[in-house]
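These protein sequence lines are chains Y and E, in that order. Throughout the first sequence, residue numbering follows my numbering, covering 3 to 113 in sequence. Throughout the second sequence, residue numbering follows my numbering, covering 9 to 120 in sequence.
Read the hints as simulated data drawn from the structure, not as lab findings. All C-beta atoms in this analysis are idealised placements derived from N, C-alpha and C, irrespective of residue type, glycine included. Mixed in with the good hints there might be a few duds.
[As the list claims (entries may be wrong)] Facing chain E, from chain Y, some residues (calculated, C-beta under 7 angstroms):
hint, residue
1, F36
2, V39
3, R45
4, L46
5, R55
6, I58
7, N100
8, F103
[Stated by the list, open to error] Here are the simulated lysine-lysine pairs, DSSO-like style, with alpha carbons at most 30 angstroms apart:
hint, chain 1, residue 1, chain 2, residue 2
9, Y, K59, Y, K11
10, E, K27, Y, K17
11, E, K44, Y, K59
12, E, K44, Y, K108
13, Y, K105, Y, K59
14, Y, K24, E, K52
15, Y, K108, Y, K67
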Amino acid sequence: AQRVTQPEKLLSVFKGAPVELKCNYSYSGSPELFWYVQYSRQRLQLLLRHISRESIKGFTADLNKGETSFHLKKPFAQEEDSAMYYCAPKNYGGSQGNLIFGKGTKLSVKP
Amino acid sequence: DTAVSQTPKYLVTQMGNDKSIKCEQNLGHDTMYWYKQDSKKFLKIMFSYNNKELIINETVPNRFSPKSPDKAHLNLHINSLELGDSAVYFCASSTGGANGYTFGSGTRLTVV
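Take these sequences, add in the hints, and give me the full structure.
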């Protein structure tokens with residue numbers, strides 16, 4: 003089964019500083035990976051899918067198969083980026099598979 | 009229109025009671041899920057249904073029983089509620105494949 007590790011429980015940066023939220027996964031094949039964001043007391047929202055290679059709200063994430071990592075990065079953090087961020091690889095079980103969520107990293111951007 | 013809607017948003021109830029949480033999606037997705045988010049913000053899958061058929065049933069007490077009357081609805085019934093059931097329960101849906109999930113806004117269950 004797929005496992006996912008987000009080593010930082012809390013990441014605190016100042017506004018304008020670069021931010022990197024780490025994510026490592028265990029699946030050695032061709033994984034499907036996602037980042038989700040949860041603002042305070044709101045629903046989880048899809049932020050990025052690795053297959054689309056897009057940039058959303060200034061965030062990007064590169065899949066590194068050699069390191070089995072999918073770190074989330076933003077060059078200049080904003081206060082409104084403060085939220086919980088979850089890395090979620092897809093676990094292949096059953097006929098559809100399901101997303102396995104990491105324990106999450108709380109990003110706090112200070113003014 | 010809300011894509012994935014859950015009711016109620018808040019639920020406060022006493023230990024031992026039976027309660028249900030409803031979820032509906034209007035996205036035409038085939039697969040629906042229930043996730044539990046505990047006080048430490050950990051998210052864990054509970055159940056997955058595809059076209060009304062149970063696909064995933066993680067290690068969840070049998071006091072929890074999902075019901076899917078059609079592929080647009082996945083309800084969660086909980087019997088004999090316990091203090092440890094207090095959490096936020098999220099419903100989600102997807103088309104499967106490489107697509108992500110669309111989540112509901114969550115139901116905050118508090119058992120007193």
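(request) Hold the hint about Y/R55 up to the distance rule: shortest CB distance to chain E must be less than 7 angstroms. (result) Result: violated, 13 angstroms to nearest chain E Cβ.
(message) Does Y/F103 hold up as a contact with chain E if the rule is Cβ-Cβ below 7 angstroms?
(response) With a closest approach of 4 angstroms, the Y/F103 hint holds.
(message) Need the status of pair Y/K108, Y/K67: alpha-carbon distance at most 30 angstroms?
(response) This hinted pair holds, its Cα atoms lying about 25 angstroms apart.
(request) Assess, step by step, whether the Cα of E/K44 is no farther than 30 angstroms from the Cα of Y/K108, and give holds or violated. (result) 18 angstroms, holds
(request) Mind checking the CB of Y/V39 against every CB in chain E and telling me if the closest is under 7 angstroms? (result) Hint violated; Y/V39 Cβ to chain E Cβ min 11 angstroms, cut 7 angstroms.
(request) Would you check the hint for Y/K24 and E/K52, treating anything up to 30 angstroms between C-alpha atoms as holding? (result) Holds: Y/K24 and E/K52 sit about 20 angstroms apart, inside 30 angstroms.
(message) Holds or violated: E/K27 and Y/K17, Cα atoms, limit 30 angstroms.
(response) 44 angstroms, violated
(message) Does Y/K59 sit within 30 angstroms of Y/K105, going by the straight-line distance between their CA atoms?
(response) Given that 30 angstroms is the threshold and the Cα spacing comes to 22 angstroms, the pair holds.
(message) Holds or violated: the hint that Y/F36 contacts chain E, with Cβ atoms closer than 7 angstroms.
(response) This hint holds: Y/F36 lies near chain E, its Cβ roughly 5 angstroms from the closest one there, short of 7 angstroms.
(request) Tell me if Y/I58 is really an interface residue toward chain E, meaning its C-beta lies closer than 7 angstroms to one of theirs. (result) Not OK, violated: Y/I58 not within 7 angstroms of chain E, min 12 angstroms.
(message) Between the alpha carbons of Y/K59 and Y/K11, is the straight-line distance 30 angstroms or under?
(response) Given that 30 angstroms is the threshold and the Cα spacing comes to 22 angstroms, the pair holds.
(message) Given Y/R45 as an interface hint, is its Cβ closer than 7 angstroms to any Cβ of chain E?
(response) With Cβ-Cβ at 5 angstroms, under 7 angstroms, it holds.
Hints 2, 5, 6 and 10 from the earlier list are contradicted by this structure; the remaining hints agree with it.
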